[in-house]
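Work the whole structure out from these sequences, hints included.
Next come the chains, spelled out residue by residue.
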Amino acid sequence: MTLAKTLYLEKLTVTFDGFKALDSLSLYVDPGELLCVIGPNGAGKTTMMDVITGKTRPDSGTAWFGRAIDLLALTEPEIAQAGIGRKFQKPSVFEFLTVFDNLELALAGDKSFWKALVARLTPAQRERIDKVLETTGLTSLRDMQAKTLSHGQKQWLEIGMLLMQEPELLLVDEPVAGMTPHETERTAELLVSLAGDHSVVVVEHDMDFVRSIARRVTVLHEGRVLAQGSMDAVQSDPRVIDVYLGT
Amino acid sequence: MTRGGRLFLTIVAAVAIVVPLLNLAVPATSPLHLSAYGVTLIGKYLCYATLALAVDLVWGFCGILSLGHAAFFALGGYAMGMYLMRQIGQRGVYGHPVLPDFMVFLNWTELPWFWYGFDRLWVALAMVVLIPALIAFVFGWLAFRSRVTGVYLSIITQALTYALMLAFFRNDMGFGGNNGFTDFKDIAGFDLQRDTTRAVLFVASALALAASYWVCRSIADSRAGRVIHAIRDAENRARFLGYRVESYKLWVFVVSAAMAGVAGALYVPQVGIINPGEFAPINSIEAVIWVAVGGRGTLVGAAAGAVMVNYAKTYLTGAFPEVWLYALGGMFVLVTLFLPRGLVGLLPSAERK
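Top to bottom, those sequences are chains A and B. Our numbering numbers the first residue of the first sequence as 1 and each following residue consecutively. Our numbering numbers the first residue of the second sequence as 1001 and each following residue consecutively.
In case anyone wonders, no lab produced these hints; they're calculated from the structure. All figures in this text were calculated on a predicted structure; none of them were measured in a lab. Cβ coordinates follow ideal geometry from the N, Cα and C atoms, glycine included. Please note that the accuracy of each hint is not assured.
Claimed, not checked - Just some of the chain B residues that point at chain A, by a computed CB distance under 8 Å: (1) F1105; (2) I1219; (3) A1220; (4) D1221; (5) V1227; (6) F1240; (7) L1241; (8) S1247.
To be verified - 20 Å max Cα-Cα, derived SDA-like pairs, lysine to any residue: (9) K1185(B) with R1091(B); (10) K55(A) with R1091(B); (11) K55(A) with V1215(B); (12) K55(A) with E1246(B); (13) K115(A) with V1215(B); (14) K90(A) with W1214(B); (15) K11(A) with T62(A); (16) K115(A) with W1214(B).
What follows is the structure in structure tokens.
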């Protein structure tokens, strides 16, 4: 018997005005693995994330989170509640709230209006926020407005917000775009340390970065999986060199 | 509570005490005496200030520019008006024991079902809150669920108030057509023309304003308030964190509508009339201008803006009636261009968090 996987995407097809953004894409994510998805622009990476998080509905195919949750039947907030966290390409944190408030709002739990109206932080929740502040290296900035953070710090804050949700699966879209080499290195450490407790899917353009973190790489091209395997195997695949790495 | 908030509540409390005293305790011969007209006028301003808080809650905090909030104000006013009409009883021109005059005039023989219960004050007071809240709920549920935002939402809120105006103008709606309700006699057995009754209504308006401030402040300072702020900053991020953005907008909209309804209900017995003109789209736009002038998202500024703009309106429509609309438009343009935080923005950090 095979072990249950975290994510099953099977034969997903998404068409925008005749353009096939995803073309019968199938992809699986194992529990606790760190999977890197690469591919040229328009390969369908972001569309794939959109389908998983409920932003885009596919024309056909299935998407299951574990064996029990049909992602195509859920709304965006329901998918987030089910345990899938998403980090956008552009850092998107709540600029006018403090770092602490940003993390507080990301706390897992009941997110209804009436609950939030009377919600008070428990000591355990405060501890959890402190721990995430530490993991992301933002402890000294906890009371700063998020808009004052550097680009890299915003990205870490957003990853911290994902961690507050205690997700089983983290989707991370181009985490190191626009980062300094030092920030990139720290981000790599952070993502590697998260795998294991969480499944992490990283979409990235930066090949050096992918090489530094990836255990398994999936190459997308024209909405389909072109190649899969270790970075070395993928890099020596002639088809991959042809469409992507060779350029 | 902020420093500005405490100052605001102190001023409201002082007004609630001093204004009725100047009317009741100071003899009419004294220059300090405040006429019944003066009490009613200030009472009206307090109701407008409460409406401004309601607008600020949805616009300033939630980013929903409602151009239809006067509709909820008018609905609350109509609910109170129905009670006041039933209170007239046999003292109407036609002397019918149950039916208000306009129904006798239309040759109606029975009270429409939706007028049942309005002879009791507590039913009317419940309806003052429930009817605006219900309409806001249905409207908001449809609009927010379809993710209607920005200028489109503003336009359909205008359509809402306009549609209600047309509906209330119709005689067969059962709300007095274009005459609306007037000639009220008493409330809970007390003569509306008596100074003491007016004083009580005045104090009630001040209490409603203070309570509305407290409700808005509590929402803004709670985690829900931070979520609302977050939704304004980055709506999609909030959604992917698992917040049902639509339901947050909906509940804030409903609470705000109920608040506007209470303001309208206190307004009607003081001014003595309610008619479909209260649904006119311009009324809702004026309320938005009060908030913009005072300072959007500051609550205190919104309430102060309502009082200041309406004082200017009272003065200008009396002294130079032809310039009022130009002054209103000019104020809005100037504030938008030069004072994006409104007049409160001129104060040194008075309303900082």
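Now the hints, each set against the structure:
Look at F1105(B): its Cβ only gets to about 46 Å from chain A, farther than 8 Å, so that hint breaks. Annotation: interface hint on I1219(B) holds; nearest CB of chain A at approximately 7 Å, less than 8 Å. Because the smallest distance between the Cβ of A1220(B) and any Cβ of chain A comes to about 11 Å, over 8 Å, the interface hint for this residue is violated. Violation of the interface hint for D1221(B) is found here, the shortest Cβ-Cβ separation to chain A being roughly 10 Å, above the 8 Å cut-off.
With a cut of 8 Å, the hint placing V1227(B) at the interface with chain A holds, because the nearest CB-to-CB distance is about 6 Å. Annotation: F1240(B) was flagged as interfacial toward chain A, and the flag holds, the nearest CB pair being 5 Å apart, inside 8 Å. Annotation: interface hint on L1241(B) holds; nearest CB of chain A at approximately 5 Å, less than 8 Å. For S1247(B), the interface hint holds, the least distance from its beta-carbon to any beta-carbon of chain A being 6 Å, beneath 8 Å.
For the proposed pair K1185(B) and R1091(B), the alpha carbon gap of about 8 Å is at most 20 Å, so the pair holds. As the CA atoms of K55(A) and R1091(B) are separated by approximately 63 Å, the hinted pair breaks the 20 Å bound. In summary, the hint linking K55(A) to V1215(B) is not supported, as the alpha carbons are separated by about 35 Å, beyond the 20 Å threshold. Under the criterion of a C-alpha separation no larger than 20 Å, the hint pairing K55(A) with E1246(B) is consistent with the structure, at around 15 Å.
Using a Cα cut-off of 20 Å, the hinted pair K115(A) and V1215(B) holds, with the two alpha carbons roughly 16 Å apart. Among the hinted pairs, K90(A) with W1214(B) is inconsistent with the structure: their alpha-carbon atoms are about 37 Å apart, more than 20 Å. Distance check on the hinted pair: K11(A) and T62(A) sit about 7 Å apart at the alpha-carbon level, within 20 Å; holds. A hinted pair counts as satisfied when its Cα atoms are at most 20 Å apart, and K115(A) with W1214(B) qualifies at roughly 19 Å.
Checked against the numbered hints given earlier, this structure breaks hints 1, 3, 4, 10, 11 and 14; the rest are met.
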